[in-house]
Amino acid sequence: MSTYFLKRILYVVPITLAVSFFCFSLVHLSPGDPMDAVVSADAPREVVAMVERAYGFDRPLPEQFALWVSRALQGDLGLSAANGRAVTAEVFAALKNTLLLALAASLIGFTLGCTFGLLAGYWQGSLLDRLVTGFAVGGVSVPHYWLGMLLVIVFSVELNWLPSSGAGPGSSNDWAFEWAYLRHLILPAVTLSVIPMGVVTRTVRAMVAEILAHEFVEALRAKGLAEKRVFLHVVKNVAPTALAVMGLQLGYLLGGSILVETVFSWPGTGLLLNNAIFQRDLPILQGTILVLALFFVLLNLIVDLAQARLDPRIQRS
Amino acid sequence: MKSDVMTRTAVQTPLTASADPMVEIRDLHVHFGTPRRQVQAVNGVDLTLARGEVLTILGESGSGKSVTLRSLMRLLPERKTRLTGSVRVDGQDVLAMSRRELSRFRGRTAAMIFQEPMLAFDPVFTVGDQIAETVCRHEGVSRREGLARALELFDRVRIPSAKRRLANYPYELSGGMSQRAMIALALSCRPKLLLADEPTTALDATVQIQILLLLRELQRELGMSVIFVTHDMGVANEISDRIAVMYAGRLVETGAVDSVIAQPRHPYTLGLMHSRASGELRGQRLSAIPGAPPDMSAPPPGCAFAPRCPHADATCTQALPGMSELGDGHRAACWRLGETAS
Chain A
44 MSTYFLKRIL YVVPITLAVS FFCFSLVHLS PGDPMDAVVS ADAPREVVAM
94 VERAYGFDRP LPEQFALWVS RALQGDLGLS AANGRAVTAE VFAALKNTLL
144 LALAASLIGF TLGCTFGLLA GYWQGSLLDR LVTGFAVGGV SVPHYWLGML
194 LVIVFSVELN WLPSSGAGPG SSNDWAFEWA YLRHLILPAV TLSVIPMGVV
244 TRTVRAMVAE ILAHEFVEAL RAKGLAEKRV FLHVVKNVAP TALAVMGLQL
294 GYLLGGSILV ETVFSWPGTG LLLNNAIFQR DLPILQGTIL VLALFFVLLN
344 LIVDLAQARL DPRIQRS
Chain B
19 MKSDVMTRTA VQTPLTASAD PMVEIRDLHV HFGTPRRQVQ AVNGVDLTLA
69 RGEVLTILGE SGSGKSVTLR SLMRLLPERK TRLTGSVRVD GQDVLAMSRR
119 ELSRFRGRTA AMIFQEPMLA FDPVFTVGDQ IAETVCRHEG VSRREGLARA
169 LELFDRVRIP SAKRRLANYP YELSGGMSQR AMIALALSCR PKLLLADEPT
219 TALDATVQIQ ILLLLRELQR ELGMSVIFVT HDMGVANEIS DRIAVMYAGR
269 LVETGAVDSV IAQPRHPYTL GLMHSRASGE LRGQRLSAIP GAPPDMSAPP
319 PGCAFAPRCP HADATCTQAL PGMSELGDGH RAACWRLGET AS
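Chains as they are written, first to last, in our numbering: chain A, 44 to 360; chain B, 19 to 360.
Check the hints yourself; a few may be wrong.
In silico EDC-like cross-links for lysine to aspartate or glutamate, where the CA-CA straight-line distance does not exceed 20 Å [unchecked claim]:
id	chain 1	residue 1	chain 2	residue 2
1	A	LYS279	B	GLU119
2	A	LYS271	B	ASP147
3	A	LYS271	B	GLU119
4	B	LYS98	A	GLU270
5	B	LYS181	B	ASP147
6	A	LYS271	B	GLU157
These aren't lab readings, by the way, just hints derived from the structure by calculation.
This is chain A alone, in the form it adopts within the complex (with noise of 0.2 Å):
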């Protein structure tokens, strides 16, 4: 048991080198000088040097990417090319607002699809099983920019009762636990809740339906189990799975709000990610990247680490 947690456990490090070995050469693999963004095209060029040294670009490539592993792990992502933050303070607080709104977004996306999927998949074939399955599919295949504008325009435009832009009242970054600031939350959460929701009803659905056609659950019922008993073997079966899958589309959630969050406004990892793409701001999208990618990383461990719990099964394989 330990030794295959251990195992899960270890096989993060390779992942985390390559994972920051990307990052690192984005810079180097994006077109145009990267000391572009940082000094105008005619500075003199002694000061062309002295930035050059400063960000470290004169050095040999390994050499860099040593020194950038080193800095990062004491969390030091470096300086933002356009306003000259520190990228990780910078990061981490549009961290925390993305992570908020994935949370509430799967929150809302994964009960909503739990749900309807055990219902849809118990009652295959129903009314009920079909109108839910159209819906689902609507999730997944609707642009979610677009919803996102449609409800800007019936909830904040048409009806005024939520608020279309920005992550709480005036322009404040501190969130916190109030309505001023939950009314903020509801529409993004809701638009990026939509994807989530149908993949996760969909994949439930599918796997209550093939877990009803095993054997075992007929001989669950021949022992004389009520239905509601059965009910809860079924779940327990589709539980690995059903987190599987939610545990992904957190993940892409966390990188994927791009477009949500800037219909939006809502300072996030998304949006600051869309301004430095625009500023070329390398330093910036650097650390971002590596900071969602590790947080993928993560996630996806906790995920395996619940799902063989879960199901002791995975352990042997």
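Since the structure of chain A is already known, use the hints to place chain B on it.
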């Protein structure tokens, strides 16, 4: 559907030899599917099982033997199945039971063991928990007491290091071991009737014998009634008092095991005997029954075996033969019984 069960045709059940039988099936019909395409899996089966008796239902795949067995616990999917006739187990009308009565009856009055023990356990619960769960359900005891019962049962079905095995997941047990565990599960609430659906088919030959001997021993100790479904005549001979041979959803021959095996009278039973490998026939070619069973969505009007039967004549393809008494409870449904007498 439930309404079908409620509106089934009332059948007057004639009293048979034993006054208080364990199982009494009268004119059972089981149809599956949609109005467009119906499969008539069972077409009028009459069967009686005395208390403490062991009956084997013998037949090939698709003969309706497993469906008949499942009807005794109403285990077939309700939405797709039409059950008519009468099924009484231990004096209770199974087809008239409410959902709640049915779940109290299953596992307690009648219990079932399955063909593939590995597939009949929920893979994500330990076998001990799955037995304890059943005991808790029917006797209202705690999980701890349920597990104590499970341990007792594991010893009884001779699973080595029983205590450790209780904490195993199904995939950690071998085939023979999990069938023993399945038997322990089935016996956990001391059922009066044990239904066994090809319990040895998926096992190795050596394990098969052990499981059969175990079942026979437990049956004698506990005085249970048992219905065994199999396509293996050797198994039937080994364990049962009586045999009922099924073909295309109907019983074609029934009687005491010795008399049916020594003097089979229905051409289908005869064919089964001849297609079996045994010592005396060493060196001879095995004879198979030519042809294939009929399509059960459109069964023939006459004897369903007629197209494959060497004795068939015009009568056979036109009208259904009834059961004829051949003495000592040995009965067969055939128009040409005169020709099959040896």
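Going down the list of hints, with the structure as the test:
1. A/LYS279 x B/GLU119: Measuring from Cα to Cα gives roughly 26 Å; hence the hint is violated.
2. A/LYS271 x B/ASP147: holds, 17 Å
3. A/LYS271 x B/GLU119: holds, 15 Å
4. B/LYS98 x A/GLU270: holds, 18 Å
5. B/LYS181 x B/ASP147: holds, 12 Å
6. A/LYS271 x B/GLU157: holds, 18 Å
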